[in-house]
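A.B. asks: The lines below spell out each chain.
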Amino acid sequence: MTGLEDPTDFRQLLSAAADDAPASSHFLAEDVITAVRTRRRRQRIAGAALAVVAAVAVGVPTVARLTGDSPTPGPVDTSLVDRGAVDVLAGPTRGGLATDTALIQALVDRPWPAADGSQTPEVAERAVAYVDDIGDRRVAALTAYLNGQRLLWWLTGPAGAPADQLQPASPVTGVAPDQPITRLDTSTTPATLVVLAAPGDQVLLSPAVTVDADGELARVYQPLATSDGAAAALVDTITAYGVAASVRVDRGPLTVWRAAPSTSTLPDPISVDPALVPVPAGDPEVPGALLDRFRDDLAQATGLDPDGLQIAARWSGSVPSGDGERPAAVLTATYPSGAVAVAGGWGDEESSGYCTFAFLPAGTDPADVPIAMTCQLDAADNTSPPVTSLLVLGATEDEASWTRADGTATTIQLPARPDPVVLDEPAPGEITLGGMAGPVPVSPFFAGDLGRYGNGPQ
Amino acid sequence: MERQVDGEFSQFVKDQQSALLRTAYLLTGDHAAAEDLLQTALMKTYARWSSVTAPAAFTRRVLVTTYTSWLRRRSFTERPVADPPDVPSTWTDEPDDRKEELMTALATLPPRMRAAVVLRFYEDLTEADTAAVMGCSVGTVKTQTHRGLARLRVTFPDFEGQDEVSGR
Chain A
1 MTGLEDPTDF RQLLSAAADD APASSHFLAE DVITAVRTRR RRQRIAGAAL AVVAAVAVGV
61 PTVARLTGDS PTPGPVDTSL VDRGAVDVLA GPTRGGLATD TALIQALVDR PWPAADGSQT
121 PEVAERAVAY VDDIGDRRVA ALTAYLNGQR LLWWLTGPAG APADQLQPAS PVTGVAPDQP
181 ITRLDTSTTP ATLVVLAAPG DQVLLSPAVT VDADGELARV YQPLATSDGA AAALVDTITA
241 YGVAASVRVD RGPLTVWRAA PSTSTLPDPI SVDPALVPVP AGDPEVPGAL LDRFRDDLAQ
301 ATGLDPDGLQ IAARWSGSVP SGDGERPAAV LTATYPSGAV AVAGGWGDEE SSGYCTFAFL
361 PAGTDPADVP IAMTCQLDAA DNTSPPVTSL LVLGATEDEA SWTRADGTAT TIQLPARPDP
421 VVLDEPAPGE ITLGGMAGPV PVSPFFAGDL GRYGNGPQ
Chain B
1 MERQVDGEFS QFVKDQQSAL LRTAYLLTGD HAAAEDLLQT ALMKTYARWS SVTAPAAFTR
61 RVLVTTYTSW LRRRSFTERP VADPPDVPST WTDEPDDRKE ELMTALATLP PRMRAAVVLR
121 FYEDLTEADT AAVMGCSVGT VKTQTHRGLA RLRVTFPDFE GQDEVSGR
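From first to last, the protein sequence lines are chains A and B.
The opening position of the first sequence corresponds to residue 1 in the working numbering, with each subsequent residue numbered one higher.
The opening position of the second sequence corresponds to residue 1 in the working numbering, with each subsequent residue numbered one higher.
What the hints contain is simulated information worked out from the structure, not anything from laboratory work.
Just so you know, not all the hints are guaranteed correct.
Only part of the chain A face toward chain B is listed, based on derived beta-carbon distances under 10 Å [unchecked claim]:
hint	residue
1	28
2	31
3	324
4	325
Keep in mind it's a predicted model, so treat the numbers as computed, not measured.
Note that beta-carbon positions come from the ideal geometry of N, C-alpha and C, so glycine has one too.
With the hints as extra help, turn the sequences into a complete structure.
C.D. replies: What follows is the structure, encoded as structure tokens:
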């Protein structure tokens, strides 16, 4: 049997592939139950806190502006959530100013926003979980109980500012302090990160995914100075396209948390004008949707400014689809390490897609490298079969050849000007170009782990 | 009452976890994503446990609908390509190579197409049952399966038994 002509074989092959599924977890049910209960508890707390937030929005204009910027939880790896009972807000004040008793008392005495016109946490129910000067910013995390609910309120101001001059940096929010609390204040550059974990925990930070000179991607976590479970850092890998940082918390040998930090508002995205992207002479402007996608993907996880990535078009034109042609391009971008990202794809008003995405090592001029890309595009309404095409850039001869799966050889003529050639057979995995020493891969795809923050939001 | 629910749910997870994880893996092709997908589906199942009469079927449906709804939430490395390129391959008889080729080929299918193929030929569901799990019509299942097999045939040129495989 050499293929899938036997339905039994196909089913057996699927079953064999499923054998590679991850192993079962003894803790899965427990994790699920804990996660659902935590979510329910947070929903109850959030409901109670809503009234507080509403009152803040009316009474304190500064906070009203930030109400829409309520911290957005990043992706969380809930499979790693701690199974023990911890309270990350319990215990004495942490942070570099924890011994400043006058400051702590002034923060405790500071009035909280009222809920329902009258309800504020009693002084006896308030505490300061954290206060420190981080860079040129003073950051304080105030906690309180109100009607049995745990509340958290972040204040910030210039380093050295007294308690009454710190400004609300977030609305009052309900919290379930059985998991690490993170806050990344992006209102300043660099951004200010605070992590509150349990005493004894080690906090680690990965500012961003890095692309090294070989084109290899890595996300490396470095331990932060952590005192009683609290840590702070300045983070400069924030762009309008997202937060590249990821926070990890280790408890002994076990990682109990891995997530993007909760983040205040991001700056407005900066549009890249397709007209400013260089294209080869005679080529049309690159499709904006593909450019936007490429730009976002390059910048989000690496925290790099796309303006510094030297985005250019190796080719721009169109690729055939089931209902005509769609604008397409092969784009390149150079990372600070010298590695080059090469992505080819299409984009129209509604969507975009990649046909290839690969990284080239530093020192490679993409103009010197033959690039082969195949796209298979349906009609937009799926009413006609997909059209497979092959685009070859950088060929020194006018022919491309390959060996089919059945062992037969085929050769096609390449157009004088690089344009996709429609194929009436499956595209090859690699082709041979006259004058080139070795085979050229067709549509290589990067399959790394660029977006790893945790396992995803819940 | 809560303790009884937790006991029933824990037993259900113990009994079904392995099978559901295998399906999740065929859908996602990634260990971490499969675990995350299953956990998400089980959270929804647990949250509705008291009203769910057929938890295995319910969880399977949530698994599929959650998977197909993840399309736009993923980072680019996980993002399915709307119109994926061909991923031609050389067929071999080595079992591990064949599995790898199959997973690579499945990865080229859009989510609903991939779900239809997995449910029909791994879960061995009828078209009607597949439609129920996917929350769509039988006609859609037929279309998605037909196109999915056609695309797989691009990768596996020797595969000519589409009617045989799908004829149920």
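A.B. asks: Work down the list of hints and note, for each, if the structure agrees.
C.D. replies: Evaluation of the provided hints:
| no. | hint | verdict |
| --- | --- | --- |
| 1 | 28 | 6 Å, holds |
| 2 | 31 | 7 Å, holds |
| 3 | 324 | 14 Å, violated |
| 4 | 325 | 13 Å, violated |
Violation of the numbered hints given earlier is confined to hints 3, 4; the remaining hints are satisfied by the structure.
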